[in-house]
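Residue numbers (our numbering), protein chains in the order written: chain A, 1 to 220; chain B, 1001 to 1075.
Heads up, some of the hints might be wrong.
Said to hold, decoys possible - Taking CB as the label site, the calculated pair distances span:
1) Leu129/A with Glu1002/B: 52 to 58 Å
2) Leu208/A with Gly1012/B: 34 to 40 Å
3) Trp1005/B with Gly34/A: 32 to 38 Å
What the hints assert, rightly or not - Pulled from the structure, derived: some chain A residues nowhere near chain B, Cβ distances all over 12 Å:
4) Trp14
5) Ala22
6) Leu28
7) Val30
8) Val32
9) Ala37
10) Leu39
11) Leu47
12) Ile115
13) Leu127
14) Ala131
15) Gly142
16) Gly145
17) Leu148
Honestly, the hints are just simulated from the structure, not real lab data. Treat the numbers as computed from the prediction; the structure is a model and nothing was measured. For each residue, glycine too, the CB sits at the ideal point set by N, CA and C.
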Amino acid sequence: MVIIVVGVGATRGWRSTIVGSAGGFAVLAVLVVGLGAALVAIPIGILRLVIGTLLLAFGIQWYRKGVMRVAARGFAGVAGIPVTEEAEWAGAGMDWTAFALAFKGVLLEGLEIAIIVVSFGVAAKELGLAAVGGISALVLIGGIGLALRGPVTRIPRSVLQLIVGVMLTTFGSFWALEGLGVNWPAGDGAIPGLLVWYLGTALLYITLERRRLLGFQARA
Amino acid sequence: MERIWSWLYAFGRFWYGFIIGDDWTLAATVAVGLVLTAVLNARGFVAWWMVPVLVIVAVGVSLRRASHAHSRVAA
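Please put together the full structure from these sequences, using the hints given.
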């Protein structure tokens, strides 16, 4: 959740991302307060399928764009060399893409956390204590996100777009297939495996694209 | 009324850009991959590998198509 929000914020701009995250938390709070222990009855599988599919469909686009841009510009800027790159969003109004990505990421992961907290709380007959634990974890994760904001902003946008594209594709694939009822090998442990798979192939595609670009420039 | 239409148009355009974007084949691959996975999974086959493989193949084909289009324009 934090990685998606920080990545989207640094790439598309913070205002719409923060509004989207706040919207996700607001819906989450209404659901938790309104449903209470009945929260476990929410069809999380359908939510995972819908949100996972949307994140995958969007993530694959950023994945492709990220590969193309990093292949064209290299990793300039990563080593502290500043590069001039156009912003993904330069409009004055709300960036609905950033809003939707942050909203969906926060709502789905937040809902999963809330369901776990409520399940444990009901099972242990300590719902209040479980809620305090869940809220403390969210505050801690939010703090880590704020701390990461500075270093992440220094990464060039093309590289950041590739990283966020890889992450959205990873989480989108995982959630969408979980929503279909597919059993991943190693359960949640499949997420790092997917991350390595998508990142590795992105680096392979960047190498191939750079070779093609350099060959094209040499011929010109 | 005109305002409602313009809002609906903007709403539709946003979702088109969000899901379809620059290359519709990527979104189509995601849809086909999920349907195939659902069918295989329902018949008891191991199908978790389908979407990650199709995504990589679709991105590779899309990149290749974009490269060829770029080369034609530059030539």
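Status of the hints after comparison with the structure:
1. Checking the proposed 52 to 58 Å range against Leu129/A and Glu1002/B shows it holds: the Cβ atoms sit about 55 Å from each other.
2. For the pair Leu208/A and Gly1012/B, the supplied restraint of 34 to 40 Å holds, since their beta-carbon distance comes to about 36 Å.
3. Between Trp1005/B and Gly34/A the CB atoms are about 34 Å apart, so this pair conforms to the stated range of 32 to 38 Å.
4. Non-interface call for Trp14/A relative to chain B: holds, since the shortest CB-CB distance, roughly 20 Å, exceeds 12 Å.
5. The claim that Ala22/A lies off the interface holds: its Cβ sits roughly 20 Å from the closest Cβ of chain B, which is beyond the 12 Å cut-off.
6. Listed as outside the interface, Leu28/A is consistent with that label: its C-beta sits roughly 21 Å from the nearest C-beta of chain B, beyond the 12 Å cut-off.
7. Every CB of chain B is more than 12 Å from the CB of Val30/A (nearest about 23 Å), matching its label as outside the interface.
8. The Cβ of Val32/A lies farther than 12 Å from every Cβ of chain B, with a closest approach of about 27 Å, so its non-interface assignment holds.
9. Consistency note on Ala37/A: stated as away from chain B, and its beta-carbon is indeed over 12 Å from all of that chain's, at 31 Å minimum.
10. With a cut of 12 Å on Cβ distances, Leu39/A stays outside the contact zone with chain B, its closest approach being about 26 Å.
11. Separation of Leu47/A from chain B is adequate, the least Cβ-Cβ distance of about 15 Å exceeding the 12 Å criterion.
12. Taking the minimum C-beta to C-beta distance to chain B, about 23 Å, the non-interface status of Ile115/A holds against the 12 Å cut.
13. Non-interface call for Leu127/A relative to chain B: holds, since the shortest CB-CB distance, roughly 35 Å, exceeds 12 Å.
14. The claim that Ala131/A is not at the interface with chain B holds, since no C-beta of that chain comes within 12 Å of its own (minimum 34 Å).
15. Every beta carbon of chain B lies more than 12 Å from that of Gly142/A, the smallest distance being close to 26 Å; the non-interface claim holds.
16. Residue placement check: Gly145/A keeps its beta carbon more than 12 Å from all beta carbons of chain B (closest about 23 Å).
17. At roughly 25 Å from the closest C-beta of chain B, the C-beta of Leu148/A stays outside 12 Å, upholding its exclusion from the interface.
In this structure, every one of the numbered hints holds.
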